[in-house]
Amino acid sequence: MTTPFAPSAPLLSAHRLAYSRDDEPVFGPLDFSLRPGETVLVEGDNGSGKTTLLRVLAGMLPPGEGEIRFDGRPASRDSRNGRVLWLGHRLGMNESLSARENLDFLAGLYGQRDGASTASVMERVGIEAWLDEPLRTLSAGQKKRVGLARLLLLPGDIWLLDEPYANLDRHGIDLVNALIAAHCNTGGAALVTSHGAVRFADPNARHIHLDA
Amino acid sequence: MVTAVQPIANSTPVAPTTDQRSSGTLRACAALLRRDFTLAWRRRGELFLPLLYAVIVAALFPFALGPDPELLGRIAGGVLLVIVVLAMLPALESMFRSDLEDGTLEQWLLAPQPLALLALTRVIAHWLTTVLPLIIVMPLLGALLNLPVKVLPVLMLTLLLATPLLVLLGAVLSALAAGARRSGILVALMLLPLAVPVVIFAAGAIAAAQSGMPYVAPLTWLAAALVLAIVLAPLACAAALRIAVEA
Amino acid sequence: MSRSYLPHWMHWLGSPPNFYRFAGALRPWLIAAALVCAAIGLYGGLVLAPPDFRQGDAYRIIFIHVPSAWMSLFIYACMAVTGLVALVWRVKLAEVIAMECAPIGAAFTLITLATGSLWGRPMWGTWWTWGARLTSELVLFFLYLGVIGLYNAFEDRRRGARAASLLALVGIVNLPIVHYSVVWWNTLHQGSTVDWLHLSQSSIAPSMLWPLLVMTLATHLYFFASILGRARTGLLSLEGGKQWVRSLVTETSR
Amino acid sequence: MNPVRKRRLIVTLLILGAVAIATGLSVFALQRNMTYLYSPTEVDAGKAPTGGHPFRLGGIVKEGSVHHVPGTLTTDFVITDRFQNIPVTYTGILPDLFRVGQSTITTGTMVDGKFVATKVLAKHDATYMPPQVAQAIAKAKEENRIPKTAQGGGAP
Numbered sequence: 001m002t003t004p005f006a007p008s009a010p011l012l013s014a015h016r017l018a019y020s021r022d023d024e025p026v027f028g029p030l031d032f033s034l035r036p037g038e039t040v041l042v043e044g045d046n047g048s049g050k051t052t053l054l055r056v057l058a059g060m061l062p063p064g065e066g067e068i069r070f071d072g073r074p075a076s077r078d079s080r081n082g083r084v085l086w087l088g089h090r091l092g093m094n095e096s097l098s099a100r101e102n103l104d105f106l107a108g109l110y111g112q113r114d115g116a117s118t119a120s121v122m123e124r125v126g127i128e129a130w131l132d133e134p135l136r137t138l139s140a141g142q143k144k145r146v147g148l149a150r151l152l153l154l155p156g157d158i159w160l161l162d163e164p165y166a167n168l169d170r171h172g173i174d175l176v177n178a179l180i181a182a183h184c185n186t187g188g189a190a191l192v193t194s195h196g197a198v199r200f201a202d203p204n205a206r207h208i209h210l211d212a
Numbered sequence: 001m002v003t004a005v006q007p008i009a010n011s012t013p014v015a016p017t018t019d020q021r022s023s024g025t026l027r028a029c030a031a032l033l034r035r036d037f038t039l040a041w042r043r044r045g046e047l048f049l050p051l052l053y054a055v056i057v058a059a060l061f062p063f064a065l066g067p068d069p070e071l072l073g074r075i076a077g078g079v080l081l082v083i084v085v086l087a088m089l090p091a092l093e094s095m096f097r098s099d100l101e102d103g104t105l106e107q108w109l110l111a112p113q114p115l116a117l118l119a120l121t122r123v124i125a126h127w128l129t130t131v132l133p134l135i136i137v138m139p140l141l142g143a144l145l146n147l148p149v150k151v152l153p154v155l156m157l158t159l160l161l162a163t164p165l166l167v168l169l170g171a172v173l174s175a176l177a178a179g180a181r182r183s184g185i186l187v188a189l190m191l192l193p194l195a196v197p198v199v200i201f202a203a204g205a206i207a208a209a210q211s212g213m214p215y216v217a218p219l220t221w222l223a224a225a226l227v228l229a230i231v232l233a234p235l236a237c238a239a240a241l242r243i244a245v246e247a
Numbered sequence: 001m002s003r004s005y006l007p008h009w010m011h012w013l014g015s016p017p018n019f020y021r022f023a024g025a026l027r028p029w030l031i032a033a034a035l036v037c038a039a040i041g042l043y044g045g046l047v048l049a050p051p052d053f054r055q056g057d058a059y060r061i062i063f064i065h066v067p068s069a070w071m072s073l074f075i076y077a078c079m080a081v082t083g084l085v086a087l088v089w090r091v092k093l094a095e096v097i098a099m100e101c102a103p104i105g106a107a108f109t110l111i112t113l114a115t116g117s118l119w120g121r122p123m124w125g126t127w128w129t130w131g132a133r134l135t136s137e138l139v140l141f142f143l144y145l146g147v148i149g150l151y152n153a154f155e156d157r158r159r160g161a162r163a164a165s166l167l168a169l170v171g172i173v174n175l176p177i178v179h180y181s182v183v184w185w186n187t188l189h190q191g192s193t194v195d196w197l198h199l200s201q202s203s204i205a206p207s208m209l210w211p212l213l214v215m216t217l218a219t220h221l222y223f224f225a226s227i228l229g230r231a232r233t234g235l236l237s238l239e240g241g242k243q244w245v246r247s248l249v250t251e252t253s254r
Numbered sequence: 001m002n003p004v005r006k007r008r009l010i011v012t013l014l015i016l017g018a019v020a021i022a023t024g025l026s027v028f029a030l031q032r033n034m035t036y037l038y039s040p041t042e043v044d045a046g047k048a049p050t051g052g053h054p055f056r057l058g059g060i061v062k063e064g065s066v067h068h069v070p071g072t073l074t075t076d077f078v079i080t081d082r083f084q085n086i087p088v089t090y091t092g093i094l095p096d097l098f099r100v101g102q103s104t105i106t107t108g109t110m111v112d113g114k115f116v117a118t119k120v121l122a123k124h125d126a127t128y129m130p131p132q133v134a135q136a137i138a139k140a141k142e143e144n145r146i147p148k149t150a151q152g153g154g155a156p
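Protein chains in written order, with my numbering: chain U, 1 to 212; chain G, 1 to 247; chain S, 1 to 254; chain L, 1 to 156.
Some clues are possibly wrong.
Claimed, not checked - Simulated pairs of lysine-lysine, DSS-like, Cα-Cα distance not exceeding 30 Å: (1) G:K150 <-> L:K47; (2) G:K150 <-> L:K139; (3) G:K150 <-> L:K119; (4) L:K62 <-> L:K114; (5) L:K62 <-> L:K139; (6) L:K141 <-> L:K47.
Keep in mind the hints are simulated off the structure, nothing from the lab.
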């Protein structure tokens, strides 16, 4: 039914995509595409619409104008849901539950990547010791790592990461870069926002610059 | 600098196919139920509060009205019905709030499962954890208020039909108000008027049982409304949750 | 996105400045027509129409009660339809109209309940009874209040309008209940008097029917005039910083 | 079938199914008649609550049955549905519309075969006409020239 992505069509593409809030343009119109193995870095100052762009791509906000395509087909809940993984300002996990309980729940919703397990992804992000602690006992950086572990556990191929470097130390930043690189090496793609304070590791990554 | 690039779990990420999705639907509902039960268990102290509230209010009536057993017995059915409705209200308000605040709803939205189905599952979990205990203590409260024994089964049956209906309605209103900054007691204020017809039919059944009359008709109306609500309320709920996440 | 499915004139009217001008031009005529109709209807109902064979003059409250009751349902339907348009196509004007319907509808519902109560006391012998018609009309009133309350609970008014529109759509199940309550259940409230399909077969004398119909027309005209005016104000406050509003202000202040 | 259509189909079928079941249940419930009130025939058949439980009795005030007890506010009358009669006694002020032939809803309890009402409500039918027309109709009805249906939707 749904064929795996054709190599010719980009995983995700935007055509004349623009969004305005109360008729005040927030961003756009933008044209860009995201192909397998590609990372696009969205840069811009505070208030330039980076988060809004990602929320529009994730389908949480309706596109004001223009079009979003997945695998060359117009975006719909069916073409988007399950393959887009979203890591935003809000962790998307319950603080009273442990990382294991949260991740198991999300794996129940999204399915699980072949060969990945809750324990293995927690180990990969370096906080396996916190697997069964309630999230509220974790530091902000550790919580962010649990969020990263989610990306490794769930099977989506398009990562939309909003400020993934926030709250992370130097090692954490390297970890994010390494995870993105590994994801792209296996045919995935990532769209990453950053307000520019962090230098993205991959020199080949493309950049979208949003003006405030 | 970039550390050595490790392959992620030796696998390529592939979007799930439709077949995988439909088979995953049950698993997703089960996962949500398990999660909500775990959370409820972790906050089991909070679950006792509505119970305690119901017991205290029921205990207040003999004091307020005098301990005339005949008078108490006559009004017990209706009083218990109203106590259950009131005890349910506070929990309904926050049905989706914490999930909206910590971003879990965003994850629901992007999951490959229908949002309405997740909302329905949440309603079921909510009913099982917060309302079912109230129904279970009904015989105790009935005894406290001298409820005639023959009315008790009808009261239980009525509550089994009326409370899911109220939770479904409450879920829609709770989802609608979730995105509002100042919701306060808005959900209660919106739900109570809508609960009036439900209470009227439920009270009709109880009153009929009390006076030895057939009580099937009002229960059938409740059942009809419940059947409609089970299908329509989750759809409305899903639409409301999408608005809530737009913030 | 899917706006292109709307016909052209809707696009034109949906643009706030166009609507503002159109509504401003139409409104005085509607108000005048509503006043004329109300004057004729009230004169016909209170002076010309004969007293009822059983109720005497007390029945004359129907010339207010019945049109208000019809309006309470009609306005809710308007609110739900424009609310649906607001939800599906996200037309700003539809959001404004849906939200401005609610206070007018609530007012008509309140008038219906109050006049009914005034009539019920001498005729039925009670101010209020928990019959199906009265209860469902009361629920309608609370639905209006719920829409208003939900709308005002949001800081972002456009999101508030969409949430409240959804509530209005959910509440639409109440409309058939109000209308058919007197048929489905044995209530104290009487059944319908006016048979819209066969007006001449209505169980009301023609000399009483025509003022009722004229009053109905008057309330509709008043509603349209009122909603146009309210929508104009609503648009102005929503579009406060826009160029067209600025030029409007400079035009009028000159 | 593409997934969007499939989901829409499922949702539509679910809604239709729910509406069908709900309609069936409503029809069943309507047959059972949610009793806002009981008719004299139902009371006579023992369908109304007994043993001091209050209920609503509805019917028409029978011709020639209204007697005011002098010096009190008490009124005795008979409620009929043309098949069975129930004697009613009520103390209090009667509504304006209360008169012979008027459909009436009383709330109270059965005491020794007599209905002791605590509340009397007059149910208005949906007919409005000038007195002259009413007289003409009454006259015509006496002469059996007009069938009952032409009188309007005034079902009790």
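Which numbered hints are broken by the structure, listed smallest first?
Hint check: 2 and 6 fail, others pass.
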